[in-house]
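> For this one, chain A is given, so just place chain B on it according to the hints.
Here the protein sequences line up with chains A and B, keeping their order.
Each residue of the first sequence is one higher than the one before, counting from 0 in numbering that gives the first Met the number 0.
Each residue of the second sequence is one higher than the one before, counting from 0 in numbering that gives the first Met the number 0.
You can trust all of the hints, since none of them are fake.
Partial pick of chain A residues on the chain B-facing surface, computed with a CB cut under 8 Å:
(1) Pro-73
(2) Ile-137
(3) Met-166
Quick caveat, the hints were computed from the structure, so don't treat them as lab data.
Just so it is clear, the structure is predicted and the values come from calculations on it, not from any experiment.
Beta carbons are placed, not taken as given, at the ideal position from N, Cα and C, and that holds for glycine.
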Amino acid sequence: MSDEDEIILSELDDEELVQQMFDDLYDGLKEEIEEGVNILLERKWMPYDILTKALVGGMTIVGHDFRDGILFVPEVLLAANAMKGGMAILKPLLAETGAPRVGKMVIGTVKGDIHDIGKNLVSMMMEGAGFEVVDLGINNPVENYLEAIEQEGPDILGMSALLTTTMPYMKVVIDTMVEQGIRDDYIVLVGGAPLNEEFGKAIGADAYCRDAAVAVETAKEFVARKHNQLAAG
Amino acid sequence: MALTDAQLTDSGLPASGAGPILLIACGALAREILDLKHANGWDHMDLTCLPAKYHLFPDKITEAVREAVAKHRDTYDTIFVVYADCGTGGQLQAACTEMGVEMIAGPHCYSFFEGNEKFARQSESEITTFYLTDFLVRQFEAFVIKPMGLDRHPELRDMYFGNYEKLVYQAQTDDPVLTEKARAAAYTLGLTFERRFTGYGDLQTALQRL
Chain A
0 MSDEDEIILS
10 ELDDEELVQQ
20 MFDDLYDGLK
30 EEIEEGVNIL
40 LERKWMPYDI
50 LTKALVGGMT
60 IVGHDFRDGI
70 LFVPEVLLAA
80 NAMKGGMAIL
90 KPLLAETGAP
100 RVGKMVIGTV
110 KGDIHDIGKN
120 LVSMMMEGAG
130 FEVVDLGINN
140 PVENYLEAIE
150 QEGPDILGMS
160 ALLTTTMPYM
170 KVVIDTMVEQ
180 GIRDDYIVLV
190 GGAPLNEEFG
200 KAIGADAYCR
210 DAAVAVETAK
220 EFVARKHNQL
230 AAG
Chain B
0 MALTDAQLTD
10 SGLPASGAGP
20 ILLIACGALA
30 REILDLKHAN
40 GWDHMDLTCL
50 PAKYHLFPDK
60 ITEAVREAVA
70 KHRDTYDTIF
80 VVYADCGTGG
90 QLQAACTEMG
100 VEMIAGPHCY
110 SFFEGNEKFA
120 RQSESEITTF
130 YLTDFLVRQF
140 EAFVIKPMGL
150 DRHPELRDMY
160 FGNYEKLVYQ
170 AQTDDPVLTE
180 KARAAAYTLG
190 LTFERRFTGY
200 GDLQTALQRL
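Isolated chain B, as found in the complex:
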């Protein structure tokens, strides 16, 4: 069955039981990780994803990861958590340390796609930047427009985005359709647009080490 963004958003992706390493990831990273697995022949890694919608409710992430680790830890030799801090305020890192599992470094996926060091270096000059990844461009309505109520109340736009100036589309892939969708998103939010090709950044290097 084809993997849909709606499925990744609402229910995630179940593990298949193959390989000694399990990646527990955000559903927003599923396609990128599957692509990396396929391109590099990483058959020793299995992938399960939690619903990407937790991106909107970071307080749910830590507990959901805890449950996923508990569920799978007897089946795999190694578990690696492919969530950055993602708004958990350090709680996810603390939970992973307590459970004895590693997680990818960085404050959020925008940072590790760009490369954490580079992202940190430019963060001061980019505080008025709003980031979208491939997944978030595809799911712009589900992750930005609808939860912020902008479909029903477009007048709220400047309350949310009035302090922002630029939308950076961090492109993981070369897809002109996504680029145009991202440009339209910037227009909708009243922001200038920049496309920045990042590829998989630190996601690739982190998984390579496993």
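Same shape as in the complex, but just chain A:
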């Protein structure tokens, strides 16, 4: 792009700026996203609105194009990195301004597995959707999950695995929860490249989530269902 074509973000009106932020997220332009977030804050936008309307809105487009085979993992990672830049600015402000909290999730990659790209995307998109996320990181034995859910009292337990050899460990965690009589206290969501819906059912998870966008939708649906049940009960 030549200099004369350069877009000055601060000269755009709100609608144009949000559209431009969608494009910048799509192109993985972290600095531009950070600039866009700061401009919207200066224009007195609520942090929660910036998060949902500009960042999550943009990442939703990225998610759809990933699902449809238009974008691939590198582009999604760049977009995620750009969103992360924006989130870093918004996160402390969200807490201050009392943004709505949809639910809480404990998430981690299972024992024997160090892959965290998918898990990190899910964590970020869940935070973007208003969930509080406690991320246990990688290589988690069952004890880590149990300790975290006891301490944190989440609505959802999320487990991730990339390897055929490590995905059966999810069943170890769920079986231990069943043994301890706590399985039904939590919504259990699983994900990872070699998994499928059948596997999710077979190990006793509530749902298999194909990607981060599906994870968010599934989490919202299950949490709403749980709240409805509590209200009815």
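Relative to chain A, chain B alone:
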């Protein structure tokens, strides 16, 4: 015509129609299987390979193997699938069982080259290890650098490999050029390097039994 890695990656290898046994394999194993056939005089085996690029898209493997079995099953007495699970999450094994064909055991080729039992034993101490075989060293750019976008965005390296510590080059052959290429790959990914000669491991023993 000489067999090229690009051909094995993109289009695979057609069957020649010879012999009562057909091996349906990943293109990444073609050279190794042809070498074993030649060294052992296994003329009763024919080989067809599916494109090695399915390594990057494991969800395509099961259906492609199903199609290959259907295409060839009337021509051969026996079909043997030379794919490990390869990220299909058990779906390939289920499909092979349903079709009544056998496949090589193991989670992936890194495991059967090393020997499945040994690989399983050391898996806990090697969870931060990234493996390359001869084929993947030769095709490092096509299978690692380009699909991960590291040629265009080297800054993504640590997002992919930040949790890894070591690159193990499982050498099927003694080739100093490949060893140096593997060492350079480890450097590119920011990992320490180890060369481990495996030979053909369980691939050889599995084919010997046919």
